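So you can see what is in the structure, the chains are spelled out below.
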Amino acid sequence: MSKDQALIAYVTRMGDNAIVMAQRLSEWVGHGPELEEEMAMSNFALDYVGQARMFFSYAGELDGKRRSEDDICFLRDGWDYGNVLLVEQPNGDFGETIARLVLFETFYSLQLEALATSPATKLAEIAARAIKESTYHLRHASNWLIRLGDGTDESHRRVQNAIDRLWTYTAELFEADPVDQIMQSEWQGPDLTVLREHWHRQIDELLAKATLQKPEDGWMDSGGKGGHHSEHLGYILAEMQSMQRTYPGANW
Amino acid sequence: MYTQGLDQKQKKSAADPADTPERLAAFQARIDAEEKIEPKDWMPSGYRKTLIRQMSQHAHSEIVGMLPEGNWITRAPTLRRKAILLAKVQDEAGHGLYIYGATETLGVSRDDLVADLLSGKAKYSSIFNYPTITWADIGTIGWLVDGAAIMNQIPLCRCSYGPYARAMVRVCKEESFHQRQGYEIMLELCRGTAEQKRMAQDALDRWWWPSLMMFGPSDKTSEHSAQSMAWKIKRISNDELRQKFVDVTVPQAEYLGLKMPDEDLVFDQKTGHYRFGEIDWQEFWEVLKGNGKCNRERLETRNRAHDEGRWVRQAARAYAEKQAARKAA
Ligand SMILES: [Fe+2]
Ligand SMILES: [Fe+2]
Ligand SMILES: [Fe+2]
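Note that the protein sequences, when read in sequence, are chains D and H.
Read in the numbering used here, the first sequence has 207 at position 58, and its numbers run on one by one without any break.
Read in the numbering used here, the second sequence has 103 at position 102, and its numbers run on one by one without any break.
Chain H extracted, bound-state conformation:
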């Protein structure tokens, strides 16, 4: 969902002449045999493109995701919480770097991928275009956003592309820490004063629906992810993942004594699943288009950091060149 579950159809560009039917069939046979595809292996150009798009969006999301949480580091209410939050944000930077690295195995450069993020060409998860208003938002992000991320990333640990699958194994371990720490913040708030409970409920009211949107458009309307499924990049559909998330999260909210902001939410005895209300897809598409509370700010912040850091990167390069020249002399 860090990729918004948007499995856009590849534009039918002129078929790559290297993608012969024999090669495609052999590739599919490897996938069907659950073999991992490694960087040096032959792969269809569409497979490569799909992965580059999905993995780079994932990496961008980790990086942009540092901003809403970074917003609370200097104001964390205790030293212990400050330390935990700093460590979390550092983990996310690590995830970003790690996934950029895995993406580079597909023959693209991190600099080019980042340029696409900064120009607005590449997407990142819309969830990070929502603001962090109170401390409870930090708890809620850990609980719901990292929670939803895990839901999506556990199946990615079995993704057919080796480097991505291995990255996800490592990342998932840390995300589950984040999820538990977030929930712990919520527990503390819900055991606390009336003001703290109000803070917790308010944050849940604002984050619940956007976190459901993280799984992407409904299977009914979403463009075909059949190809991603066949290639075993994606293994579980958007709606199935969303349902799983709802099923585990609703009891957690109940335990906290919080009310989900959904009048239609009800447990269905027959299916054993929660039924929930209609998602506001209008909002989903608007935020995706750029019309969310923080879209502009997030991109501006990353662009400013990049621009203001240019002289530093130039200096590092110039120094490295001087050193190389000195050694050669």
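The shape of chain D in the complex, shown without the other chains:
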């Protein structure tokens, strides 16, 4: 794989993570525990859509095949989606959505921080913009994790279950495949081993504040980056892509 191919694949994956998170968070509209939280979730979803658009447009520019952001988003099937398994998992209850946000955003903030100095200047620019949003999402979700963990017995139990259930998807975040390796060596992408240590330190600290137990690493699932997804992604794409698939070539 050439260094340019790796960059395209990497940028597309980042767009995939963002758009799948956007789809999941959008599901909260009309269903949140508080109006303020519905607004927060839709606000985060909007941020993710904005990020996905930047990543996809950039990927389209890079590969020179005249693919638009919409072509990349709506006209690829699951095996060409490279989002991590963590983001495609169903929302579960509010606690599980918060737990997923914390686990993912802790990783994503670190990833964006590393990319903000990449010699791929357009990627660095996008990362620098996204990092502000990501930091805010993480702060909001972390505060909720603490509230729920240290709230009532029920909220503690629910959010502990959520962390336990999602834990199996966290190792994939740090598995370096050839795309990650080339990104690190050629484009100053993150060293995932170092990033993993930072992630664990931050998560340890947060879980302690939330009076939650850190799960043991058991069997860890993975495959999303390589296009091997859970059953859930197919439904996300079927829903998201339905208009473009039903009315090919139309302008909206």
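Any given hint could turn out to be false.
[Stated by the list, open to error] With a straight-line Cα cutoff of 25 Å, these simulated PhoX-like cross-link-like pairs (lysine-lysine) come out: (1) Lys358/D / Lys122/H; (2) Lys271/H / Lys221/H; (3) Lys221/H / Lys41/H; (4) Lys152/D / Lys271/D; (5) Lys323/H / Lys363/D; (6) Lys260/H / Lys271/H; (7) Lys294/H / Lys122/H; (8) Lys233/H / Lys358/D.
Rather than coming from a laboratory, the hints here were simulated on the basis of the structure.
This structure is a prediction, so every number in the text was calculated from the model and none was measured.
With chain D held as given, fit chain H with the ligands onto it using these hints.
Okay, now just chain H with the ligands, sitting in the frame of chain D:
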């Protein structure tokens, strides 16, 4: 119209002894002088009640209105449209919160108002009891429903109650964005394929009459809004607002190349207004009573969200109490 233009007469409850003729006269003099009434000012109990009912219905409508549009966020046909729709739905949540806040200045709590919505006691605009079947419905809601909302809310910007008037100024700016974005969706559809045009016409066929109903019963049959008019809560009658809406919207439909689903619609050269057919008031009253396509679903959705969120709100409260206790210790 988010309040259905239903100016029910206050039930003649025993007159509030605080409402002395002198006070009422002084209050009316302030209104007539176009002074704004502020939360701390004295006001007749009927004025307060009318405002609480109207403003809370307005807030409920903003919130319930998120459901039909939220129905299309995950299926928006492009990323740009998805972003615009998400931002719009977020605006509506903001309007709801803002108007609940303004209503609370009248001495009621948002929790109590929401409880009335969830129990079915309080109303919200019937327009949101109609389903969003296709993407064109999202365009049509922006164009017609936000368009009708603006028509009604522009005069509310001059409402005598300060907090409501100020809320409307802010809200109207955003609603006019929504209206333009909705119309832009329609333009794109009408310039598009045969299927897209069919989608646009179908949506207009379904939404036109319900959007006319948003202005409420005809002045001929509607109970007196004289008191609301005198108090300058309401400044323009239901029929007048409806006529204004028809007059601006018909040419917009023509520009799109769409046909209004009204055989009687004709421009009257003499008056300079469009004459339109009879509204199906039977349907209006049925949907208001609860017999619309989505009434039950909408309320169930809001109730489910409330019930499923109870443990979250309890946890937040418990945590806040623990924190307060820790600080005190
Ligand atoms: Fe609104
Ligand atoms: Fe409104
Ligand atoms: Fe609106």
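Here is what the structure says about each hint:
1. Lys358/D / Lys122/H: 42 Å, violated
2. Lys271/H / Lys221/H: The hint holds at about 22 Å.
3. Lys221/H / Lys41/H: Roughly 36 Å separates the two Cα atoms, so the pair is violated.
4. Lys152/D / Lys271/D: Holds, at roughly 15 Å.
5. Lys323/H / Lys363/D: Distance of about 23 Å is within 25 Å: holds.
6. Lys260/H / Lys271/H: 23 Å, holds
7. Lys294/H / Lys122/H: 19 Å, holds
8. Lys233/H / Lys358/D: With Cα atoms ~54 Å apart, Lys233/H and Lys358/D exceed 25 Å; violated.
In summary, the structure is inconsistent with hints 1, 3, 8 from the numbered list given earlier, while agreeing with the others.
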